Amino acid sequence: MEDLKNRAFNAVNAGLSTVNIVDEALSVFSSRHPDIQKLELDMLVEKRKEPEVQQALETKITQLVTEQLPHSATVLTSLIRLFSGL
1 MEDLKNRAFN AVNAGLSTVN IVDEALSVFS SRHPDIQKLE LDMLVEKRKE PEVQQALETK
61 ITQLVTEQLP HSATVLTSLI RLFSGL
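Each step along the sequence shown adds one to the number in full-length UniProt numbering, with nothing skipped, and position 27 is 27.
Some hints here could point you the wrong way.
List of simulated lysine-lysine pairs, DSS-like, C-alpha gap at most 25 Å [to be verified]:
| id | residue 1 | residue 2 |
| --- | --- | --- |
| 1 | Lys60 | Lys38 |
| 2 | Lys38 | Lys49 |
| 3 | Lys38 | Lys5 |
| 4 | Lys49 | Lys60 |
| 5 | Lys47 | Lys60 |
Honestly, the hints are just simulated from the structure, not real lab data. These numbers were taken from a predicted model, which means no experiment stands behind them.
The whole structure should be built from the sequences, with the hints applied where relevant.
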């Protein structure tokens with residue numbers, strides 16, 4: 001079972017890019033898998049200055065505050081802490 005988990009983790013990691021990192025980090029799937037969520041948050045922080053990441057973040061924050069992404073509140077809080085260096 002651990003081997004399958006590791007392969008899945010590596011597959012998720014390999015598929016992450018500046019184009020999809022915001023969607024992936026704020027997905028229902030990630031909200032259910034803390035290890036994946038941490039991986040994605042780390043990449044999101046690393047890539048936060050990329051234009052496509054900034055635009056996607058603006059869109060997702062708008063969706064979050066209009067209650068379209070209720071499962072993403074925890075990751076948004078974590079992201080703000082990471083951005084501020086807390």
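Going down the list of hints, with the structure as the test:
1. Restraint check for Lys60 and Lys38: the C-alpha separation of about 18 Å stays at or below 25 Å, so the hint holds.
2. Only pairs whose Cα atoms come within 25 Å are accepted, and Lys38 paired with Lys49 is accepted, the gap being roughly 19 Å.
3. Taking the CA atoms of Lys38 and Lys5, the gap is near 15 Å; set against the 25 Å cutoff, the hint holds.
4. Distance check on the hinted pair: Lys49 and Lys60 sit about 16 Å apart at the alpha-carbon level, within 25 Å; holds.
5. Taking the CA atoms of Lys47 and Lys60, the gap is about 16 Å. The hint holds against a cut of 25 Å.
Every hint from the earlier list agrees with this structure, and none is contradicted.
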